[in-house]
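Line order of the protein sequences matches chains A and B.
Note that the numbering used here has the first sequence beginning at 1, numbered continuously upward.
Note that the numbering used here has the second sequence beginning at 1, numbered continuously upward.
By construction, these hints were calculated from the structure, which means they are not laboratory data.
Note that the structure is predicted; figures quoted are calculated from it, not measured.
We put the CB at the ideal spot given by N, CA and C, even for glycine.
Keep in mind that a hint or two might mislead.
Stretches of chain A that chain B covers, calculated by requiring three or more beta carbons in the stretch to come under 8 Å of a beta carbon on chain B [to be verified]:
| # | region |
| --- | --- |
| 1 | 8–14 |
| 2 | 108–121 |
| 3 | 283–292 |
| 4 | 334–340 |
Some, not all, of what chain A presents toward chain B, calculated at C-beta under 7 Å [said to hold, decoys possible]:
| # | residue |
| --- | --- |
| 5 | 3 |
| 6 | 4 |
| 7 | 5 |
| 8 | 280 |
Residue strings, one per chain:
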Amino acid sequence: MSMELRTSPHLISDRSVERIMKHVVLSLLPICAFSVWQYGLSALALLLVVTATCLLTERLLNRASGQASTLNDWSATITGILLGLTLPPAFPLWMGVVAGFVAMAIGKALFGGLGNNVFNPALIGRAFVQAAFPVAITTWVPAFSAQRFSEFVPTTLTAPLMMPPDIVGWVKQQGVDAFTGATPLARWKFENVTASAHDLLTGVVTASAGETSAILILLCGLYLAARKFMDWRIPVAVLASAAFTAWMFQLYDPTHYPAPTFVLLSGGLMLGAVYMATDMATSPVTPVGVWIYGAVIGVVTVMIRYFGGLTEGVMYAILLGNALTPFIDRYTQPRVFGTRQRRKS
Amino acid sequence: MRLPFFHRAATFEHGIHPVYHKETGALPIRRFPFAPKLIVPLSQHIGKPALCCVSVGQEVLRGEVIATADGTMSLPVHAPATGVVEAIGLMPAANGKMVESVTIRVYEADGQEVRVSAPRDIEAMDKEELLAAIQQTGISGLGGATFPAHVKLNPPADAVIDTLVVNGAECEPFLTCDHRVMVERTQDLIRGIRIAMKVSGAPRTVIGVEDNKPDAIAAIRAALPADGSITVQALETKYPQGAEDTIIYALLGREIPAGQRPASIGVLVNNVMTLAYLGRLLPAGEGMVERVLTVAGPAVKKPGNYIVPIGTPLRFVLEQAGARSSAKEIILGGPMMGMTVSSLDVPVTKGTSGVLAFAESTVEAQRTYACIKCGECVNVCPKFLNPSQLGLLAAKREYELMAEQFNLDRCFECGCCSYVCPSHIPLVQQFRIAKAVNREKAAA
Chain A
1 MSMELRTSPH LISDRSVERI MKHVVLSLLP ICAFSVWQYG LSALALLLVV
51 TATCLLTERL LNRASGQAST LNDWSATITG ILLGLTLPPA FPLWMGVVAG
101 FVAMAIGKAL FGGLGNNVFN PALIGRAFVQ AAFPVAITTW VPAFSAQRFS
151 EFVPTTLTAP LMMPPDIVGW VKQQGVDAFT GATPLARWKF ENVTASAHDL
201 LTGVVTASAG ETSAILILLC GLYLAARKFM DWRIPVAVLA SAAFTAWMFQ
251 LYDPTHYPAP TFVLLSGGLM LGAVYMATDM ATSPVTPVGV WIYGAVIGVV
301 TVMIRYFGGL TEGVMYAILL GNALTPFIDR YTQPRVFGTR QRRKS
Chain B
1 MRLPFFHRAA TFEHGIHPVY HKETGALPIR RFPFAPKLIV PLSQHIGKPA
51 LCCVSVGQEV LRGEVIATAD GTMSLPVHAP ATGVVEAIGL MPAANGKMVE
101 SVTIRVYEAD GQEVRVSAPR DIEAMDKEEL LAAIQQTGIS GLGGATFPAH
151 VKLNPPADAV IDTLVVNGAE CEPFLTCDHR VMVERTQDLI RGIRIAMKVS
201 GAPRTVIGVE DNKPDAIAAI RAALPADGSI TVQALETKYP QGAEDTIIYA
251 LLGREIPAGQ RPASIGVLVN NVMTLAYLGR LLPAGEGMVE RVLTVAGPAV
301 KKPGNYIVPI GTPLRFVLEQ AGARSSAKEI ILGGPMMGMT VSSLDVPVTK
351 GTSGVLAFAE STVEAQRTYA CIKCGECVNV CPKFLNPSQL GLLAAKREYE
401 LMAEQFNLDR CFECGCCSYV CPSHIPLVQQ FRIAKAVNRE KAAA
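With the rest of the complex left out, here is chain A:
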């Protein structure tokens, strides 16, 4: 009998990186399905191409650095799906490939891979294409167009290194009359028209592939939080602080500033709060730090939306939060047991 020698503990829980990541992927599938149902083939192709690019890039960089494959930790899959969900549904596929490559190569591998990255890789990819392709990333298509399952939006199949064609004619041909090509946030910002809370909740609006149905994202997030695959405090902090900030502004000037519900439900805030801000590697680990981090993201999002040049603010707010994470962690170390100040009596 040969004895195994090891130091305690001799038991470990059934939690594992693979298991956590796998459940995040699972919880994203309903959101993907909704997006495909809404936008059809183009959204499906975009999600698949971006995810495949992320996986391929991860694998190539593994090989280049002489590492074992890290595909089975599922983190590259998550980045791919999330990135795909943040892009407009008819985003040219070749640009999606660029976004995926940048996300994995610059957003993740450059820092040393899973756990060592400072910024959310999906958002790095998205930020890059936002700068590189400003027109394509603000070109939206109507949801539920009649031929969405039989033909691609023309922009989707743009040849590599080419700029996408104008789709105004295509949209008219689809028989969509009142399509303005603007997201609810843009319509509010430039036309001061707010979408109804009902439309925003259910997601029947013009937007990125995955930022449409707030209620679906919330439900998927609830599943993750309930199974403890996500820190529920982060989305709560982000949404609460964004709502509070919006509410303060509305109190100050109700004619100019929209209701907190509009701020919460429009744009990428819900997807960002539930799936991006909660990225474990780039958010604080300390309980107090998590609240501060979430609050910063919520406030900055509203500030950018109200006062910035962009209609959306979530991406930059989260990247800023990521940048602050090491600093927040450093100054919010938990109070060690046994160091409570004893009352002087």
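Chain A is already provided as a structure; the job is to place chain B on it using the hints.
Then chain B, alone, in the frame of chain A:
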């Protein structure tokens, strides 16, 4: 998160809920036969080893002193069986070190009754006499800490002890020997508590028992004296409920200041088994020759709680309990804090609370990833440390920084962080190394 209104059992913050495997808690304590040879180490306690007072070839009676205490921080050792001293010399102990030990060849035909006894009237004894008598029993902390009982029950002169905490949490998975002792030896326990209260001057006692042992709580409650000086309190079933810091916090809401002992906040903590043996041995004037321990684990056919003579080789223990040939990892104590042994020829000692046999390790099969900063370890550390940060520093060998800025020395190595880590980083194992390196540096 803790919701006060849904919460009846006392507890501490953080901690983990491993699968408990307390199946042996329903089985009555049974007695083991004597092994043909017993190996009795002379150092089964923290402090100076005992001085051998027998010679090779000498006959010894079960219960007879074979080594005397060498000063205050030492305990005598009693012969666990009647037989003949076959050898005296260095023998391997469970931790792999060589320890001066007495090997006794057991007389098989002997009835093995304890023949040395001089009953005492504990009511008539004063504190000093009781302390001396406690030392003579040879009892060290039977929960595994092996601190001499007479030293632990005699706090520094400037400390005023207001509460004796009796630790019946038994929060380690698999172990149920404390549980059975509470059920079957309740009177011994109460007697032991009385002695401990008299010696330490504590006016009241709180017995903390995890709520997965309702029969133990009921048995104790039925035996409590009417004067209300001793109470029993249900604790939430959670690991490490039975650590000194956590059980004091759970029962009394007091935090032991960092780096200090419980006595500094007026508390003494003793394990239930220790006090049950005290209550049994002291009035009878006997020494510690055997103990109750749990033999369990997936690779054991007849798991249970057994009375095992001190010095019984683990090989004999496992044979008696029907260890499967697949047994590969043998753990002394519980799976969370116990240690594995390299040899089955090492003996059971006073501090052995369990012998667990596992066929395969769940720990080794897992792939290790980089820290993904999920914060789970921060959420479970009962000391409110930041194991994630400590782990990142340990990987860079920044051991001094770990101690200076991140309270490495507060870690009491419960292993909750390693248990929950989804990246399977051996956190507490790294912390042990870091502490050892720092100790060596400080000593140099």
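Against the structure, the hints come out as follows:
With 6 residues bearing a CB less than 8 Å from a CB of chain B, the region 8–14 of chain A meets the requirement of three and the coverage assertion stands. Counting residues of the region 108–121 of chain A whose C-beta lies closer than 8 Å to any C-beta of chain B gives 5; at least three are required, and the coverage claim holds. Restraint check on the region 283–292 of chain A versus chain B: 6 residues with Cβ-Cβ distances below 8 Å, three needed, restraint holds. Given a C-beta distance limit of less than 8 Å, the hint that chain B covers the region 334–340 of chain A holds, as 7 residues qualify and 3 suffice.
Nearest Cβ of chain B to the Cβ of residue 3 of chain A: about 5 Å, under the 7 Å cut. The hint holds. Checking residue 4 of chain A against chain B: minimum C-beta separation of about 4 Å stays under 7 Å; hint holds. Restraint check, residue 5 of chain A versus chain B: the minimum CB separation of about 5 Å is within 7 Å; hint holds. For residue 280 of chain A, the interface hint holds, since its Cβ comes within 7 Å of a Cβ in chain B; the closest pair sits about 4 Å apart.
The structure shown violates none of the earlier numbered hints.
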